[in-house]
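Undergrad: Sequence:
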Amino acid sequence: MGRPRIAVLPDSSAQVLRDAVEDGGGELVDVADAEALMWADATAPERLRALLDAHPGLRWVQLPFAGIEPFVDLLDDRRTWTCGKGVYAEPVAEHVLALALGGMRGIGRYARATTWSAPYGHNLLGGRVTILGGGAITTSLVRLLDPFGAELTVVRRRPDPIPGVDEVVGMDRLHQALAGRDLVVLALALTPETRGVIDAAALDAMADHAWLVNVARGGHVVTDDLVTALREGRIGGAALDVTDPEPLPVDHPLWAFDNVIVTPHVGNTPEMGRALLAVRIRENVRRYAEDRELLGPVYVDLGY
5 MGRPRIAVLP DSSAQVLRDA VEDGGGELVD VADAEALMWA DATAPERLRA LLDAHPGLRW
65 VQLPFAGIEP FVDLLDDRRT WTCGKGVYAE PVAEHVLALA LGGMRGIGRY ARATTWSAPY
125 GHNLLGGRVT ILGGGAITTS LVRLLDPFGA ELTVVRRRPD PIPGVDEVVG MDRLHQALAG
185 RDLVVLALAL TPETRGVIDA AALDAMADHA WLVNVARGGH VVTDDLVTAL REGRIGGAAL
245 DVTDPEPLPV DHPLWAFDNV IVTPHVGNTP EMGRALLAVR IRENVRRYAE DRELLGPVYV
305 DLGY
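The working numbering numbers the first residue of the sequence shown as 5 and each following residue consecutively.
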C-alpha cells in the first residue's frame, strides 16, 4: 500500500506526535481525508465519538494510554483499535519502586514528621512480593526487582509462566497469594471482573505490615474498605498513584494517614509520555503501511 493517510487530533497535540507519523512513513492529512486517526486526548470520549460518526471511513484508531476505560463504549469490530499498552511500562515500574521503598522504609511518615521519631521500616531486600497483572509494567518491574532478591508471585487471568517470577497463579488463588506478603502491587487492567478486587476480604488476607501500591486504576480498590483497614491497622500502609474517586477530594480521610502516600497519577507524566507514545506511533504507522500486526491491540470483546 502507499503512504497511509493519517490525522493527529486534537489540533493541540504535540508536534512530536505529528513528526512520528511522518517518520513512520505516513502522510498527515485532515481527518476528512484520513484512513487512520491518532487520538491524543484521554479525556474526550464524546468528541472522539462525534468524529467517528462523522467519518466512518476511519479504519484504525490509536488511543493514547494503556487504560481505555473512557473509550470502551466506542469500541467496535469495524475498525482496528490500538492503545498505549506497554508504552509507559518503564516509568510506571520505576514509580512502583519509588512508592514501595518510600512506604516500606517509612519515608512518607518521616517526611510528615516535625520532630525526631521512632524507627520504622521493612526491607524490600529479600522480601515477598505479589503483583496483580501480567503485562508490560509487571515485566519491567520484575527486572527492576531482580537485584533485591525478592520472592515474586504474579496473579493474572491466565497463569502462564513469566521469566523471573517464582510463581504465577490465577485470580482464583488471589487471597492465598496475598497472605504473608510484604508488598502487594496492582498493575492490571480495569475490567468488570477486576473492579473492586482489593476489598475487605482481600485486605484481611494481607499481612498487618504489608504495603499496597496501586499504579493501575483507582477502581481496583474499594476505597472505604481500604480506609477501614488503615484505620484499624490491618495493613502496613498504602501508596496510591491512582484513587477512587480521582482526583482525591481535599477532605478525604486518606490524606490524614501518615502511612499513606498519594501521588497525582504521575507514574507517567505528559512530558515522559509524549516521547514514548511517539515511538509507538512511529512503529505502528510503519507496520500499518506494511500490513503487519500492530502493537498494543485493543481486545474489543474483553474491553482492554
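Incorrect hints may have been included.
DEER-style ranges, computed between Cβ atoms [what the hints assert, rightly or not]: (1) 119 - 15: 51 to 57 Å; (2) 63 - 237: 51 to 57 Å; (3) 117 - 26: 35 to 41 Å; (4) 165 - 6: 22 to 28 Å; (5) 16 - 204: 39 to 45 Å; (6) 267 - 151: 20 to 26 Å; (7) 151 - 23: 34 to 40 Å.
Hint data in this document are derived by calculation from the structure and do not stem from the laboratory. As the structure is a computational prediction, the values presented were derived from the model and not from experiment. Glycine is no exception: its CB is placed at the ideal position from the N, C-alpha and C atoms.
Undergrad: Starting from the hint 51 to 57 Å, judge whether the C-beta atoms of residue 63 and residue 237 obey it.
TA: With Cβ atoms ~55 Å apart, the hint holds.
Undergrad: Does the Cβ pair residue 119, residue 15 satisfy 51 to 57 Å?
TA: Cβ of residue 119 to Cβ of residue 15: about 53 Å, so the range 51 to 57 Å holds.
Undergrad: Honestly, do residue 117 and residue 26 meet the 35 to 41 Å range at C-beta?
TA: violated, 53 Å
Undergrad: Starting from the range 34 to 40 Å, see whether the pair residue 151 and residue 23 falls in it by beta-carbon distance.
TA: holds, 36 Å
Undergrad: Check the following: the C-beta atoms of residue 165 and residue 6 are separated by a distance inside 22 to 28 Å.
TA: violated, 43 Å
Undergrad: Quick one: are residue 16 and residue 204 within 39 to 45 Å, going by C-beta?
TA: For residue 16 and residue 204 the Cβ distance comes to about 43 Å; the hint holds.
Undergrad: Could one say that the CB atoms of residue 267 and residue 151 fall in the range 20 to 26 Å?
TA: Between residue 267 and residue 151, where Cβ atoms are some 23 Å apart, the hint holds.
Going down the numbered hints, you'll see the structure goes against 3 and 4, while the others check out.
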